[in-house]
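Student: Sequence:
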Amino acid sequence: MKLQMHSIHFDADRKLIDFIQKKADKLDTYYDRIIDGEVFMRLDKNDSNENKIVEIKLNVPGKQFFAKHQKDSFEAAADESIEGLRRQIKKYKEKVVLAK
25 MKLQMHSIHF
35 DADRKLIDFI
45 QKKADKLDTY
55 YDRIIDGEVF
65 MRLDKNDSNE
75 NKIVEIKLNV
85 PGKQFFAKHQ
95 KDSFEAAADE
105 SIEGLRRQIK
115 KYKEKVVLAK
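With the working numbering as the guide, the letters of the sequence shown map in order to residues 25 to 124.
Hints in this document: simulated from the structure, not taken from any laboratory.
Possibly wrong hints are sitting among the right ones.
[Unchecked claim] DEER-style ranges, computed between Cβ atoms:
#1 Val120 to Phe34: 35 to 43 Å
#2 Asp37 to Lys114: 28 to 36 Å
#3 Asn70 to Leu122: 23 to 31 Å
#4 His33 to Ala123: 38 to 46 Å
#5 Asp35 to Tyr116: 13 to 21 Å
We put the CB at the ideal spot given by N, CA and C, even for glycine.
Let the hints inform the model, and build the full structure from the sequences given.
Tutor: Following this line, the structure appears as structure tokens:
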């Protein structure tokens, strides 16, 4: 799946981008009609440790999925976001199958 990566207020290293791409590619096993997506990695300006935000948008025919999580590392935030997307995709797929 083609993902556009955007890092806001910092430069993401290749290791982080590859990590997120690899995790997101696993979503194809749940729903094979994912067209593409966008990932926004953002540093929040608050003083707490949990200042890393990952937002992921996925496009499928006729619908868009979105997940956003804030954690103390980009990897943890990406994991949570992808898990949220996985749940949304499974729920959507069950509805689509039941509608047929």
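Student: Decide, hint by hint, whether the structure agrees.
Tutor: To see whether the hints hold, each was checked on the structure:
Val120 and Phe34 have their C-beta atoms about 38 Å apart, which keeps the hinted 35 to 43 Å range intact. For Asp37 and Lys114, the Cβ-Cβ distance of about 31 Å falls inside the hinted range of 28 to 36 Å, so the restraint holds. The hint said 23 to 31 Å for the Cβ distance between Asn70 and Leu122, and at roughly 42 Å that hint is violated. At about 42 Å, the CB distance of His33 to Ala123 agrees with the hint of 38 to 46 Å.
Checking the proposed 13 to 21 Å range against Asp35 and Tyr116 shows it is violated: the Cβ atoms sit about 34 Å from each other.
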